[in-house]
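J.: The hints should help you fit chains U, H and D with the ligands onto chain P, whose structure is shown.
Chain by chain, the residues run as shown.
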Amino acid sequence: MSEITLVEAVTQALAYELAHDENVIVFGEDVGANGGVFRATEGLQKRFGTDRVLDTPLAESMIVGMAVGMAAEGLKPIAEIQFMGFIYPALDQIISHASRLRNRTRGRLSCPMVIRAPYGCGIHAPEHHSESTESILAHIPGLRVVIPSSPTRAYGLLLAAMRDPDPVIFLEPTRIYRKIKQEVPDNGVALPLDRCFLLREGTDITLVSWGAMLTETMTAAQNLQQQGINCEVIDVATIKPLDIDSIIQSVEKTGRCVIIHEAAKTCGVGAEIAAQLAEKALMSLRAPIQRVTGFDTIVPLYKMEHLYLPSVARILNAAHEVMAFE
Amino acid sequence: MSEITLVEAVTQALAYELAHDENVIVFGEDVGANGGVFRATEGLQKRFGTDRVLDTPLAESMIVGMAVGMAAEGLKPIAEIQFMGFIYPALDQIISHASRLRNRTRGRLSCPMVIRAPYGCGIHAPEHHSESTESILAHIPGLRVVIPSSPTRAYGLLLAAMRDPDPVIFLEPTRIYRKIKQEVPDNGVALPLDRCFLLREGTDITLVSWGAMLTETMTAAQNLQQQGINCEVIDVATIKPLDIDSIIQSVEKTGRCVIIHEAAKTCGVGAEIAAQLAEKALMSLRAPIQRVTGFDTIVPLYKMEHLYLPSVARILNAAHEVMAFE
Amino acid sequence: MSIQSQTVAEFAITYSRFLDAEGHPTQDLPESLKNADTLRKLYEYMVLNRTFDAKAVALQRTGKMGTYPSSAGQEAIGVGVGAAMQEGDVSVPYYRDHGAHLIRGGSIEEIYLLWGGDERGNDYATLKQDFPVAVPIASQSLHAVGVAKAIQYRKQSRAVVTFIGDGGTSEGDFYEAINLAGVWKLPVLFVINNNFWAISVPLSEQTICKTLAQKGIAAGVSGEQVDGNDVLAVTYATEQALKRIREGHGPHIIEALTYRMCDHTTADDAKRYQPPEEVESYKKEDPILRLRNYLVSQNLWDEEQEKTLYARVKQTVEQAVHAYESIPDQPPTAIFDYLYATLPHDLIEQRDILLANLGAHHE
Amino acid sequence: MSIQSQTVAEFAITYSRFLDAEGHPTQDLPESLKNADTLRKLYEYMVLNRTFDAKAVALQRTGKMGTYPSSAGQEAIGVGVGAAMQEGDVSVPYYRDHGAHLIRGGSIEEIYLLWGGDERGNDYATLKQDFPVAVPIASQSLHAVGVAKAIQYRKQSRAVVTFIGDGGTSEGDFYEAINLAGVWKLPVLFVINNNFWAISVPLSEQTICKTLAQKGIAAGVSGEQVDGNDVLAVTYATEQALKRIREGHGPHIIEALTYRMCDHTTADDAKRYQPPEEVESYKKEDPILRLRNYLVSQNLWDEEQEKTLYARVKQTVEQAVHAYESIPDQPPTAIFDYLYATLPHDLIEQRDILLANLGAHHE
Ligand SMILES: Cc1ncc(C[n+]2csc(CCOP(=O)(O)OP(=O)(O)O)c2C)c(N)n1
Ligand SMILES: Cc1ncc(C[n+]2csc(CCOP(=O)(O)OP(=O)(O)O)c2C)c(N)n1
Ligand SMILES: [Mg+2]
Ligand SMILES: [Mg+2]
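In order, the protein sequence lines correspond to chains P, U, H and D. For the first sequence, numbering that gives the first Met the number 0 begins at 0 and goes up steadily by one. For the second sequence, numbering that gives the first Met the number 0 begins at 0 and goes up steadily by one. For the third sequence, numbering that gives the first Met the number 0 begins at 0 and goes up steadily by one. For the fourth sequence, numbering that gives the first Met the number 0 begins at 0 and goes up steadily by one.
Next up, chain P with everything else stripped away, as it sits in the complex (with noise of 0.2 Å):
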């Protein structure tokens, strides 16, 4: 078996979906013959046909929109928005209806549809190119947010979102899209969501991420390895709901905790898991918890991009003030 990347695996996930479940349409600006701005749909148009696989006029909140009444219908629809930074228009439709149908109609009518979204810096893009506002979706009750961080969770945690009856907002880390390659079995099996990931077992120190920056955080374990620090590194991956009690057991052992994200501080995700831990993990922590996360501020144009996102050397500085507190 060859290997494949991050969104090559989301390829095959679309594709044994659409082969496995008729009512799977795919849709959003240029999937179709163009095969999607980074080719995350790749040849399924000419295979599924135009029926299933079909390129929308340009209006985000008409796509999500749409996607409610399709679902609604019985239908399943995965739509794509083009970039994270164009998924604004559509969050009346995802926060006031998406989220809502079931909700609203006592389960008479729902939502099962998923939106899939590139997301984050690093690829030399103009402006509202790299956003990672996903503690936005997080906030909003009846929503499922899932982030994978490898080909393998794309694949899996992809094909769970299209089969989950709920409304998932699927967030591809632009960063990592060809970054790794990894065989993934073309199965149809599933990964579950609403669970953490352990990707590094540890004692000394918990590191939380997710997404693109769990390459920054993994090379952080390793450094810190060489150092004689053993980092336990956990994949948050679906980050709404939170598998909150993963990383209280993970915590509970080493009594120190980093979190890092790219998003913006001021109420990213890393603030509702420290929150989370201060109230249920108090007495375990041996040192302050730490979060490492984009500045808040806007992302900046690529030449200074990298001053932005949190870099390997931030996540060891907060290791060590954390390793070194008494």
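One thing to keep in mind: the hints can contain errors.
Here are the simulated distance ranges between beta carbons [unchecked claim]:
1) H:154 with D:352: 16 to 24 Å
2) D:341 with U:229: 46 to 54 Å
3) U:1 with D:6: 34 to 42 Å
4) D:6 with H:3: 21 to 29 Å
5) U:229 with P:282: 23 to 31 Å
Here are the simulated lysine-lysine pairs, DSBU-like style, with alpha carbons at most 35 Å apart [as the list claims (entries may be wrong)]:
6) D:63 with D:209
7) H:127 with U:302
8) D:270 with D:313
9) H:184 with U:45
10) H:33 with H:242
11) H:209 with D:154
12) P:302 with D:270
13) D:54 with P:178
14) H:184 with D:282
15) P:45 with H:242
16) U:45 with H:127
17) H:242 with U:302
18) P:45 with D:270
19) D:54 with P:302
20) P:279 with U:279
21) H:184 with D:184
22) H:63 with U:178
23) U:252 with U:180
24) H:154 with H:306
25) H:242 with H:282
26) D:270 with D:33
27) D:127 with D:184
28) D:313 with P:302
29) H:154 with D:209
30) H:270 with H:33
31) D:40 with D:313
The hints are simulated quantities; they were obtained by calculation from the structure and are not laboratory data. C-beta: ideal position from N, C-alpha, C; glycine also.
T.: Structure of chains U, H and D with the ligands alone, referenced to chain P:
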């Protein structure tokens, strides 16, 4: 001087600034002849004319997008979004433009503007009229988010917001629009933004809240006093940027903290406050921080709304738990 | 100097009706509207609409209901459109289309429940496929095109009807929906209730369009104006449009001209902005009066029938009020139980907190 | 059976041009376009546009610039519209209007800086009132109406011109903007660059409208189509529209028909979707070739002038590249310095962390 309500204080501040700054323009849906659905702009069109106080067509993205253009040309647009639940169609213009124009142009163009919106539950209105998703906005770099909790603070903070050179979201808690009356001299004196207000000094526990929830919070504080527990109560007022220093100072004194907000718990502003306390005041904490918040549910229609809203009882429970912690 | 240019596209919007304000026919009625039972049914449902609606306002005034939007004066639209729809069709309404809900077999009690602050009002017993009332203006237009897309995908002959107000047509969602409907030739009818006001904002401040039907031109979608106080015009235009839609000819827009003979909602006071002369002038356009005049003139209706109808309608409404008032409350945990198909673990914890606090409360 | 209805509104859309694809005049030119200097200026700026633009693509290919959107083949729009604008007017562009920026006195270096990933590119030295390029499609249309409202409020005679692509007209923001412009009679011109593609989506999948100019009908706003590869047609239509706008007659829409003779951006590969025959067939419509043919036929241009122009333009572009490449980096703290007029306290702390880490980094 007669006493006025919070909504009247809003009107008074708008009138003051309309009278003193000819660049100020007030607009939104139904703000003209109707004086706003809550009467916040009552009489203003009559007094200042249809050039200064205007009804717009029904389109929220338009209201904010237009405000961006007006602000860039040097006007001071004061836009009303009829309810916070209808701000979502405008989030793209808020996130992608209002908050960024200064940074994007390295200061050449800027966005001095205020977006006012009634917010929160408690008025027996239909769905979407009870939203308190302020943490979405607090996550966005470049914005200020201000929430008054009394007529005096509504007047002083709204004046400050209108004079601020950057975009301010001003959220007005409908539940207390007419609950409290105060003497509010119409002297044009603004209150400081970016600062907490100390509503009650105390030594045993810090209660942190904002907006309408301060009503229940103050009641809880009085109850606790009768039980011999001396609460310090902080009104955060500006939730972005957060005046964490004042909160830390208080918690360093009391060693205990309960944060109360109406919004859903996950990734609410309470999480950010708790996280920062856990980072910067961990060693002062004598008990885990507790958050008493709305549940992570859709705000129920009004028959069950009271189950959603943090009650005095829930605040007392939390305070007792925090006090009991050894 | 005059520059030559060539005309590359031309458009026209038409207006039609069958009955004038006095109920006199302005032209011959189509066959489908000559059936006496059909005509009486339209009349009866408009009366039911107005009666149950007045009751809702009264319930609100006495604290037994929350903010409620009346459809007084606009009954011909919901009733007329609903009458022309078929069983498998899908209604995607806003909040003034109660007439459609009723004539399609929906219950009054459901409507009372919803505006009484109870989500169960949206759990329709019969109209399982219909959307609940959309509160965020114009957002429903997009749901309608999504439903229509699903119907098209499955090659069914069902149609979707979605309603919107004049103010609602200023929202981007409305435009995005008609544009998609046009380019994908979706089986959807957009009905615009043009009652000339969006709360306090008159149509003239909403747009300078001469008609709202012409909004379709921006999407390549056909549109027409009808007299929205003439239930026959509404019914007929809807029937014709749905027929074309089912035949695969794509979407259509009907702008129904009417007037809001009531406050925007019970939370509103229209006297602050509606000119009294204007309100007065529309009284004679009343859709119910108009149809009754016609029915009487055709010897299809008399005083006796009128009395019987009002007595029956009164009883129906009273029964609905009774059912509404006697339904037991939802259990507190209902606020959690419908968020997801299966309650996620973090919410189980929160639900326990709710229950614990209830216990504490009730102690 | 045929139902009577009356026509209540009629509309028509016209198309105009002055030069056909070969550069032959199709009608007499208006006075304003008979001036030789004016014509040559239009030509020169189109050449500059194409040259600086090709250079930007080359810079991207060699890693010296980020993703860049070329305007190849579409130069007549930016240049023609820009030429007709006056100094105090405000341009609210999207990302293919570089021609307008240049002919209005903006610098090439600014454009390079922006697409080279440096915010200073938006800090225009001369066009202080112009908006920066809007990346979120159609969002700029609303800024334009806001600017126009400010101008109207101050009773100035300035005008606003905003640009958008064919794909962009499907977004709700575009529609909300034209509707407001209509009802408030704002001094704003909407220019639609109809290059028939929105990345890979052809116009036929974007809308079934016969023209995009007709989108104005949904807002009561007049619209017309012009040949967007005829810079004279673009210039003249813009001049006339701005004249009417300044006189208080309200907004207007110009749909300029052109073709995207390039990848969508440097990140795109148009060969995946643009039919080669289609691309080929548009080559003869080239706006630069067309005007040159006309100029030569009128004895207003010769080989010598052509050579001199290209040499000068080459030098201008090289100088801009040099300036772009030699500008020192922004200081790291620049990522904080323009967020607010005054840096809030929480960001001072974060800026310190940045500086501390830079130190650590450089150690
Ligand atoms: C997105 C949104 N904005 C604002 C509101 C508040 N609002 C409720 S009804 C209404 C006016 C609607 O007018 P129209 O569309 O003409 O319908 P009508 O009520 O006249 O039938 C407004 C502004 C809302 N519900 N949704
Ligand atoms: C709101 C939004 N959605 C999606 C995109 C991604 N995108 C960039 S350009 C483009 C196509 C624009 O087509 P058109 O308006 O025709 O302009 P053109 O590029 O052809 O000049 C898309 C989809 C975006 N920038 N903004
Ligand atoms: Mg209306
Ligand atoms: Mg295009």
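J.: Each hint needs a verdict: does it hold in this structure or not?
T.: Hints, one by one, checked against the model:
{"no.": "1", "hint": "H:154 with D:352: 16 to 24 Å", "in the structure": "violated (60 Å)"}
{"no.": "2", "hint": "D:341 with U:229: 46 to 54 Å", "in the structure": "violated (37 Å)"}
{"no.": "3", "hint": "U:1 with D:6: 34 to 42 Å", "in the structure": "violated (59 Å)"}
{"no.": "4", "hint": "D:6 with H:3: 21 to 29 Å", "in the structure": "holds (27 Å)"}
{"no.": "5", "hint": "U:229 with P:282: 23 to 31 Å", "in the structure": "holds (25 Å)"}
{"no.": "6", "hint": "D:63 with D:209", "in the structure": "violated (41 Å)"}
{"no.": "7", "hint": "H:127 with U:302", "in the structure": "holds (24 Å)"}
{"no.": "8", "hint": "D:270 with D:313", "in the structure": "holds (29 Å)"}
{"no.": "9", "hint": "H:184 with U:45", "in the structure": "violated (48 Å)"}
{"no.": "10", "hint": "H:33 with H:242", "in the structure": "holds (19 Å)"}
{"no.": "11", "hint": "H:209 with D:154", "in the structure": "holds (27 Å)"}
{"no.": "12", "hint": "P:302 with D:270", "in the structure": "holds (30 Å)"}
{"no.": "13", "hint": "D:54 with P:178", "in the structure": "holds (30 Å)"}
{"no.": "14", "hint": "H:184 with D:282", "in the structure": "holds (33 Å)"}
{"no.": "15", "hint": "P:45 with H:242", "in the structure": "holds (34 Å)"}
{"no.": "16", "hint": "U:45 with H:127", "in the structure": "violated (49 Å)"}
{"no.": "17", "hint": "H:242 with U:302", "in the structure": "violated (42 Å)"}
{"no.": "18", "hint": "P:45 with D:270", "in the structure": "holds (16 Å)"}
{"no.": "19", "hint": "D:54 with P:302", "in the structure": "holds (19 Å)"}
{"no.": "20", "hint": "P:279 with U:279", "in the structure": "holds (18 Å)"}
{"no.": "21", "hint": "H:184 with D:184", "in the structure": "holds (33 Å)"}
{"no.": "22", "hint": "H:63 with U:178", "in the structure": "holds (22 Å)"}
{"no.": "23", "hint": "U:252 with U:180", "in the structure": "holds (32 Å)"}
{"no.": "24", "hint": "H:154 with H:306", "in the structure": "violated (47 Å)"}
{"no.": "25", "hint": "H:242 with H:282", "in the structure": "holds (33 Å)"}
{"no.": "26", "hint": "D:270 with D:33", "in the structure": "violated (40 Å)"}
{"no.": "27", "hint": "D:127 with D:184", "in the structure": "holds (25 Å)"}
{"no.": "28", "hint": "D:313 with P:302", "in the structure": "holds (27 Å)"}
{"no.": "29", "hint": "H:154 with D:209", "in the structure": "holds (27 Å)"}
{"no.": "30", "hint": "H:270 with H:33", "in the structure": "violated (40 Å)"}
{"no.": "31", "hint": "D:40 with D:313", "in the structure": "holds (16 Å)"}
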